[in-house]
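From first to last, the protein sequence lines are chains E and A. The working numbering puts the last residue of the first sequence at 303; the count rises by one with no breaks. The working numbering puts the last residue of the second sequence at 1748; the count rises by one with no breaks.
Derived by calculation from the structure, the hints in this document are not laboratory data. Check the hints yourself; a few may be wrong.
[Unchecked claim] Looking from chain A toward chain E, a few residues come up when the C-beta cut is under 7 angstroms (computed):
(1) 1513
(2) 1517
(3) 1518
(4) 1634
(5) 1739
Every residue gets a Cβ at the ideal spot worked out from N, C-alpha and C, and that includes glycine.
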Amino acid sequence: MTRPENGSRQDAPLQQLESLDELWFQAGGTLCNLSCNHCFISCHPGNDNFGFMDLETIRRYLQESQALGVKEYYFTGGEPFLNRDMLQVLEETLAIGPATVLTNGTVFTPSSIKALRAISEQSLYSLELRVSIDGYSPQTNDPIRGEGTFEKALEGVRMLVEAGFLPIITMAQTWPEEENTRVFETFVTTLKETGYQRPRIKILPTLHLGMEAERSRPYSQAERISEEMMEGYDSNQLLCSRSRTVTDRGVAVCPLLIETPGAHLGDSLEDASGPFRLDQGACYTCYVHGAICSNIGGWGVE
Amino acid sequence: MSSSSPGKIALFGGIYANHLALEAALADMATRNITGIYCLGDLGAFGPNPDKVYPLLKDHGVKTLAGNYDDSLARDLPDCQCGYTDPRDNHFARLSYQYTYRNTSEENREWLRSLPGEIRFEFAGRRVLLCHGSPRRQNEFLWSSTTPTHFLQKLCKDYAADVIAVTHTGLKWQRELPSNKLFINTGALGRPENDGSRETWYTILGEEGGRITAEFIPVSYDSEALAIEMRAEGLPEEFSETIESGWWTTCLEILPAKERLLGRY
């Protein structure tokens, strides 16, 4: 199959936005205190390709989202908790619906944890904290996320658990698939030993974009969705059938593709409600593993 | 507003083959001037001898709609469509589904095939919509802590209903919505609701001062006898433990943070 230079493929299937259930915010932009070598949008302390989202902008989209019936709000980055407005953003979000934050777990302080607990307790809705840790030990995690990050993130988990949270630990699968069960079980043991008695762990596939394309490999041309593949497929498995991602410069189709030019669909949620052509390698990962970004769904260890 | 009382209606879902709780609930309803009984689906799963549920529903004229479990059994699907990804949850879900499939007669599976996906009726001049998970998706979980009020308002508008009642999650809750609308999750009749109590629940819809009300009714039944029957059937010890302790021991992955924190595991 030939593919034009600009990466678009007119024969790729179009996916409609069936309902806007999940609204994602690139609250931390591409700014992060870490420089993980598998980051699919190459976040690091100096990457201001996308900046922090300000409170006013987020408020505007929260307002617009209600009439559209959005069910869940997600905040990602970069590291969202580097954004000074984050606690206020969460308080205002949790006044209208459930919120999930994807964090590296290394920037919590006793006072931010205390504030999070208060915000969570006063809301009818759940506040989920998803902490990225990519190995069950410093030896397996730190080569990917950076020296000392395992202990720092684990300390973040400890603080959250002590404050009454049940964080979801997400691990990007950088090991061979046949090791999944061993990795999962080893990490459960480690987490229990550190005081987290009911660990929730979610293993995610890596995305061959950004730094990860260099660390492992880029997507191959074969890793694309075709029209035939969509026959009989439950399109609800694709995040773009029920989600959009707001950045500091408009609305993108999903959190994986914010750097892909054709994935920016408009300025308002309504503008961005049109269909998306599933012509990216990341679409293939979403197709195979299903809704990997959401709290529920995605990939399990069998 | 009509001057005559619309009566009272009983709703429940998630029987999960708990025929003893169903029997106790039906006996309780018989004492309360109930004018209609509706089951919101998931007849089998988790409990013993699933075929015992069907004659109870038929004999009492319970109007029943299909849940995801019923749909799986009816269509010979390989799993219950709960969508678990956690390995432990999947293990128990598989045991439960395989047992239920093996022990549901072809005649009863045929009956499941005849069930509608939703039921609509008017009650006290309001449009009531009953379904299993949500009006738009049979296996959608609507938990209290992850379901915004504005989302429920949109469901009422999109699906032309004033009262929506669902089950599927196993935890009961209700929320009054603006414009005199009401959303109800009836919880489960077949499994205690992860609060350390053995009771299970059904719902009575009534009318008071022009408003529709939902009252959750606790059901006490012989849970020890059920646990004995479950063990005799070789069902996992974890399932009988839930019946005896009131705490969920499996399929916990799907619980959002607030609901998970209320349980023991």
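Do the hints match the structure? See the list:
Contact between residue 1513 of chain A and chain E, as hinted, is not supported at the beta carbon level, the nearest pair being about 36 angstroms apart and thus beyond 7 angstroms. Evaluation of the residue 1517 of chain A hint against chain E yields a violated restraint, the C-beta minimum of about 31 angstroms exceeding 7 angstroms. For the restraint placing residue 1518 of chain A at the interface with chain E, the shortest Cβ-Cβ distance is roughly 33 angstroms, beyond the 7 angstroms limit, so the hint is violated. Look at residue 1634 of chain A: its Cβ gets to within about 5 angstroms of chain E, closer than 7 angstroms, so that hint holds up.
Interface hint status for residue 1739 of chain A: upheld, as the beta-carbon distance to the closest one in chain E is roughly 4 angstroms, under 7 angstroms.
Consistency with the previously given hints fails for numbers 1, 2, 3, ordered from lowest to highest.
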